[in-house]
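> Going down the list, the sequences are from chains V and X.
Counting the first sequence from 1 gives a position; this note's numbering is that position plus 15.
Counting the second sequence from 1 gives a position; this note's numbering is that position plus 15.
Don't read these hints as lab results, they were simulated from the structure.
Model, not experiment: these values are computed from the prediction.
Mixed in with the good hints, there may be bad ones.
For identical chains, the list gives no copy identity; a pair is met inside one copy or between any two copies.
Simulated crosslink set (DSSO-like; lysine-lysine; CA at most 30 Å straight-line) [as the list claims (entries may be wrong)]:
(1) Lys238 with Lys270
(2) Lys150 with Lys25
(3) Lys59 with Lys315
(4) Lys24 with Lys270
(5) Lys321 with Lys277
(6) Lys270 with Lys315
(7) Lys88 with Lys238
(8) Lys150 with Lys32
(9) Lys24 with Lys287
There are 2 protein chains.
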Amino acid sequence: MSSVNQPEKKGRTIFFKNSPKIISTSTVAGPKECSGIIGSYVEKALDDDMFGESTFEKAECKMLSTVIDGAIKNAALEREQVDVLFSGDLLNQIISASFAARDFNIPFLGVYSACSTMSESILLAAAMVNAGYCKTAVAATGSHFASAERQYRYPLEQGTTRPPQSQWTVTGAGACLISESGDGVKIVNGTMGKVVDFGVTDVNNMGAAMAPACADTLIQHFKDTGTEPDEYDLILSGDLGALGSRILKDLCWEKGFDVSEKHVDCGEIIYKVIEDEFQGGSGAGCSAVVFNSYVFTRMKQLKFRKVLFAATGALLSTVSSGQGESIPCISHAVQLEI
Amino acid sequence: MSSVNQPEKKGRTIFFKNSPKIISTSTVAGPKECSGIIGSYVEKALDDDMFGESTFEKAECKMLSTVIDGAIKNAALEREQVDVLFSGDLLNQIISASFAARDFNIPFLGVYSACSTMSESILLAAAMVNAGYCKTAVAATGSHFASAERQYRYPLEQGTTRPPQSQWTVTGAGACLISESGDGVKIVNGTMGKVVDFGVTDVNNMGAAMAPACADTLIQHFKDTGTEPDEYDLILSGDLGALGSRILKDLCWEKGFDVSEKHVDCGEIIYKVIEDEFQGGSGAGCSAVVFNSYVFTRMKQLKFRKVLFAATGALLSTVSSGQGESIPCISHAVQLEI
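Construct the complete structure from the given sequences, taking the supplied hints into account.
Pasting the structure below:
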């Protein structure tokens with residue numbers, strides 16, 4: 016697989032010459048998420064988004080544990096055969112990931128890039144496997160509507176009205192197992208994101224805040240790899256929602272890259288009909304669920320052969336917003352082929 | 016430098032055959048921290064821990080920006096020459112790291128392992144440089160007493176009494192620049208931590224919570240590398256404090272590894288006299304400051320030639336503690352030589 020003349024890195028893109036592969040995935044999602052088209056691809060559909068736990072946070076943690084365990088089992092591996100777990104989530108101090116990791120006797124490297132955590136985790140896991148440090152790695156993340164609402168916005172009990180530019184945090188989690196060998200989806204390269212801040216301060220308008228970071232990474236990726244948007248079967252952004260997706264397409268078009276034909280946003284397609292969710296889904300679980308269920312399945316079916324997956328994260332906190340800061344955003348991307 | 020027969024990884028330890036090096040560091044710390052012995056090694060001693068900012072959080076972010084910039088300048092590099100920044104901190108959604116990264120036009124990979132963030136960042140940065148993905152990487156973290164108190168415990172204005180088993184979050188930050196070439200401290204290998212939870216629920220007794228995770232990683236390191244504690248000039252733990260350090264020594268001794276002669280804890284040595292601080296310093300900034308100032312300088316002076324650095328992190332949040340959870344902990348270690 017190695018090409019001697021291909022560099023390890025160009026610009027912000029790392030090339031994985033040894034073709035680490037995603038050999039299995041696992042997903043779980045709540046009832047609302049599973050009522051849509053994506054839902055039919057989800058491995059474990061929940062009847063109740065409490066998942067048998069006493070708190071939303073414990074339910075979120077259990078979803079993560081479930082998909083980490085699921086990805087390992089779906090690869091027909093034992094836990095002892097997994098060399099490292101990369102995971103993070105939206106809760107303060109990434110407690111869902113840390114507490115999930117407690118259930119597994121696997122080295123754990125905690126990461127955080129908000130809703131870009133899925134692609135950051137895949138990028139780092141692929142880098143470790145490609146370098147020969149590890150034979151197998153799991154990348155996982157998730158989110159929960161109710162735990163996110165009470166941490167970032169208002170307690171649900173308050174019944175606060177949502178503005179039309181808002182999105183709905185996905186209740187769900189996804190994991191994938193990356194291996195040096197076996198059949199699966201090849202991780203060809205990864206483009207590291209930079210923090211981009213266009214000065215958006217409206218915490219209900221994440222799509223507008225994140226779109227410039229996504230455009231920055233996509234354009235950098237096209238330049239570093241010498242590819243064109245049309246070469247991809249799918250250019251998948253994380254959770255820009257309907258409004259953010261339109262901004263992304265405009266920003267790319269302005270720079271000479273027309274992604275409009277190939278672009279799909281996880282947040283736009285996860286819900287059946289967008290009503291309460293306004294602009295669509297968001298949260299680390301949004302792209303984790305859509306990528307690891309629908310997109311991975313369609314790649315295995317050879318319906319999509321070449322995919323660029325750029326999850327997008329807003330790196331704000333309630334404290335930073337309270338102190339008048341704008342919203343810095345980031346997007347990490349991985350190129351996948353089968 | 017390569018040895019063909021040496022594996023890339025054994026157990027939980029990754030061996031860096033191409034010897035990535037720490038070629039420069041930078042540190043900043045508050046007045047209280049700089050009054051002790053370590054303070055004389057700190058690059059920038061603050062007169063005022065507000066650092067000219069309007070909030071504690073902004074001061075923390077500015078400290079991080081300062082040391083990232085400092086490490087780059089001390090290596091006589093330009094920002095454009097740095098391939099990636101690994102950083103995280105204790106604040107919710109690692110806002111200090113994310114907002115600091117906004118000031119630099121450098122790819123940013125956010126990490127989180129609480130007070131083990133310094134060694135996790137060095138481990139990942141060394142892995143990227145060693146694999147040839149990057150020529151240079153910066154690893155950075157920090158903490159601030161006042162922002163940590165109001166996030167994790169009580170507002171300072173409340174004047175809450177501190178229990179005797181507590182520690183004092185260090186106001187300070189540290190960064191190091193890891194390069195494939197140049198003179199510096201070699202990063203020989205890194206041992207990835209696992210989440211260890213002995214069931215401690217007292218959020219004021221972090222030393223007792225973290226000591227088992229540190230012991231687990233140290234013992235794993237000795238086994239993976241075939242080294243003995245006596246081979247090291249220094250076995251440096253992150254922020255166990257006085258009580259935690261005694262527990263660490265006992266736990267290692269019980270497993271047949273006597274670290275007592277070589278062990279030093281960053282939290283135990285950072286303050287001049289331990290009074291208000293009770294068990295000593297803590298926080299991500301604790302080991303970041305001690306390692307990147309005192310330890311790095313002494314290594315460059317050849318006073319320490321072989322150091323095992325295992326920063327330690329408690330992966331709790333106020334929500335997890337409030338929901339009755341115990342404190343899962345982790346410790347990542349890197350072996351350094353000159």
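> Take the hints in turn and mark each one as holding or not.
Results of checking the hints against the structure:
Taking the shortest alpha-carbon separations for Lys238 and Lys270, only the intra-copy value of 11 Å comes in at or below 30 Å, while the best inter-copy value is 54 Å. Taking the shortest alpha-carbon separations for Lys150 and Lys25, both the intra-copy value of 25 Å and the inter-copy value of 11 Å come in at or below 30 Å. For the homomeric pair Lys59 and Lys315, the shortest alpha-carbon distance inside one copy (19 Å) is at most 30 Å, but the shortest distance between copies (55 Å) is not. For a Cα distance limit of 30 Å, the shortest separation of Lys24 from Lys270 inside one copy, 23 Å, qualifies, whereas the shortest one across copies, 43 Å, does not.
Within a single copy, Lys321 and Lys277 get their C-alpha atoms as close as 11 Å, which meets the 30 Å cut-off; across copies the closest is 53 Å, which misses it. For a Cα distance limit of 30 Å, the shortest separation of Lys270 from Lys315 qualifies neither inside one copy, at 33 Å, nor across copies, at 48 Å. With identical chains, the CA atoms of Lys88 and Lys238 are at most 30 Å apart between copies only, with a shortest distance of 29 Å across copies and 38 Å within one. For the homomeric pair Lys150 and Lys32, the shortest alpha-carbon distances inside one copy (15 Å) and between copies (17 Å) are both at most 30 Å.
Taking the closest pair of Cα atoms, Lys24 and Lys287 never come within 30 Å of each other, the shortest separation being 40 Å inside a single copy and 46 Å across copies.
Hint violations for this structure: numbers 6 and 9, all remaining hints satisfied.
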